[in-house]
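*Asks:* Listed below are the residues making up each chain.
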Amino acid sequence: MDNLLGKGRLAIDIISDKDSFQENIIDGKSIVEKDFGDCAVVGTIKINGIEAVVIGNDGETYNPRFPVVYAGIIGMEEAYKMADAVYITIKNDASKPQGEKRPIILVVDTPGNGPGKQEEIFGMNKATGGYQLALAEARHKGHPIVAIVIGRAVSGAFLCHGLQADHILSLDANFGTMIHVMPISSIARITKLDIEKLTAMSSENPVFASGAKFFYQLGGIEELITDIDSMPSIIAKHIEEIKKLKSNGEVDATGPYARGKLGNERKGRIVREKIIQMMNDQFATVESKYS
Amino acid sequence: MSKELRTIDFEFKSADSKEFPKISFHYGVVGSGDMELIYQYKDLGGAAKITICTPVTGFDHVWKQVFEKFITISKIGNILIEINDNNATPAVVFLRLNQALKEALDGVESNNSDLVSSSFLELSARERAIGLVDENSFTELVSSYDKMSSPHLPKMGESIEFDDGIVTGVGKIGEKTVFIISQEGRYIGGSLGEVSGAKFVNILRLAREFYESMLKNNPNLPESKRPAILISFETGGVRLHEANAGLLAHAEIMNELQLNRGKVPVISIIGSKVGCFGGMGFIAAATDIIIMSEYGRLGLTGPEVIEQEMGKDEFDSTDRALVYRTTGGKHKYIVGDSNYLVENNAASFREALKKVFSLDINEISKLRRVGSSEMIAKQKKLVQLSIDLQPKDSIDVWRFAGNENPEKLVDLNVKAFLETAKQLDIK
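So the protein lines, in turn, are chains A and B. What the first sequence shows, in the working numbering, is residues 166 to 456, in sequence order. What the second sequence shows, in the working numbering, is residues 22 to 448, in sequence order.
No lab work stands behind these hints, which were simulated from the structure alone. The beta carbon of each residue, even a glycine, is placed where N, CA and C say it ideally should be. Treat each hint with caution, since some may be false.
From the structure, some residues in chain A lie toward chain B, with a derived Cβ separation under 8 Å [said to hold, decoys possible]: (1) L170; (2) R230; (3) Y252; (4) N278; (5) H305; (6) P348; (7) I355; (8) S368; (9) L410.
Using 25 Å as the maximum straight-line C-alpha spacing, the simulated BS3-like pairs for lysine-lysine come out as follows [said to hold, decoys possible]: (10) K123/B - K193/B; (11) K246/B - K199/A; (12) K402/B - K194/A.
Could you build all of it, start to finish, from the sequences and the hints given here?
*Replies:* Below is the structure:
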């Protein structure tokens, strides 16, 4: 198999135990009332025997009610469907202790958020923002969240679906994965920099270039995966790691803030830490004025 | 265009030089065709030392002439001058040097009463930060004087700014401590990179830690003393030159917003030229309260991208009126995406803030748009309305909301608009 681009459903099958995927079902009940959010897939799977909620993109269909939503784009319906899956999981696991909260697996293959006039009139920004808050809440409440990039993880859509996870995994570039804000050709056009120069610069500075390995250097990805068959076992391994890291209720040991620290360790983002330290030191000297 | 940034140094001495006062003074914004500078006292035996960081090559002799003239006329000495230039013409450079010197020597501090009454749309990020809080209460944290500019831009030949296009700090409104983030749209569109991202994220953390320590010292902390966070947005989101770092910073911001919920309210202030778009559009949507002027614009996908996607017949991005009707403060107020619509000045934003601060944290939380399954259920009704109504224009939604002559709302001033306009009511 060359790649899983556009094949979110196939990827869900690959990571799930045989015949374990129940679409739209969480705890035996359907969470979707009608045709809704066709480009998003939600449901329950088992992964190496562990029950998990899965949220993915379907790149092979379109949303008949919103013409700009197709091929894995996250539209308003999709984002709210995804958020519903998260909130229902939080609610149903509310009484479970920290270590027993259900994992949520994000299978990421999305080229963008719905770029339409209807979307702007009614507020696409709320849909994608709302889904991110749901994921952040689930993560803070102890649900292990693992994102796995199997295809496209583009800009705001990756922020929406992926970057709020505890840990982020990605198939490496051999599988055609695309992680970026924009391809280098577009960055060259907008910044008026030579594409050759930009490409050469990207080898020493991962801060703008397109590709999973650059995100890895910046701490934006915890682990790169080099073979498709190992996906389930690597996801299961990360679920266990995340559980350990969060066992005392720690919210900064995983997730976006921890990836900031990882970016420093991997020497991809080293100024960030200096800024934080400087601001904290400066505030300490004036804090009494404001208390 | 793709040369690296370079620095040029000069030193001049006027025969009968006047000593610069023992201060540091920052002036200007690194907008296109503009520059910023820092004047700083230094004992140089009466000389003036100048360092320019610029993308321009081949004009060193012109820089030299301009400075020679400036020093000869002003006779200023014992001064270090540091400049970040973005293709300013010699005339602009000379003008800025003189304006800044006059303000530095006059000891002009930004005057709040001017700031709060002038057009909010025209204010710089720093002026907005100062104008939104009580007079003389603002302390900037990681300021221009710390010179924490982007480490990535010089190699790309893109001008740097000492504050990286974002002003962060703390101030007071009455007895309340407010933490402030203010974005500068004239500097690379107010975009977020590694440095500006870290400043943004850390203000959100600092505010929460400050609140938690206050609460520890006083478990019965009165609501009036609960700190708040103000974000004055002016941005298109991620800075392409450091896109990956900008993206990761957006994720950190969203994480902090969720952690601040129920602790420190976060209030969006949107009324600046660039508006609030891209990833910052959903950051704003995820805050507790949104206050907009009619010139404020909020959205996710910019008009040009929609036109590219759907065609000019569907969305003409050059139609300014259409753009404002779709993303502007009046529309966002009618659909409930903006909690308050205010006049275009800092005083009006401050009045709205005082209304917010009269509420307790639970009441504030109820004014959110997203952040719970109940709120999402309500938003899904809006999505259904989008399907049922298929509006060709925001005006169609205004009419549906019960506004009989929606076209007339466009030209009403804010006061008349607020008296007339009906907001969309979705149960």
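*Asks:* Please go over all the hints and tell whether each is borne out by the structure.
*Replies:* Going through the hints against the structure:
{"no.": "1", "hint": "L170", "in the structure": "violated (20 Å)"}
{"no.": "2", "hint": "R230", "in the structure": "holds (5 Å)"}
{"no.": "3", "hint": "Y252", "in the structure": "holds (4 Å)"}
{"no.": "4", "hint": "N278", "in the structure": "holds (6 Å)"}
{"no.": "5", "hint": "H305", "in the structure": "holds (7 Å)"}
{"no.": "6", "hint": "P348", "in the structure": "violated (11 Å)"}
{"no.": "7", "hint": "I355", "in the structure": "holds (6 Å)"}
{"no.": "8", "hint": "S368", "in the structure": "violated (12 Å)"}
{"no.": "9", "hint": "L410", "in the structure": "violated (15 Å)"}
{"no.": "10", "hint": "K123/B - K193/B", "in the structure": "violated (29 Å)"}
{"no.": "11", "hint": "K246/B - K199/A", "in the structure": "violated (47 Å)"}
{"no.": "12", "hint": "K402/B - K194/A", "in the structure": "holds (22 Å)"}
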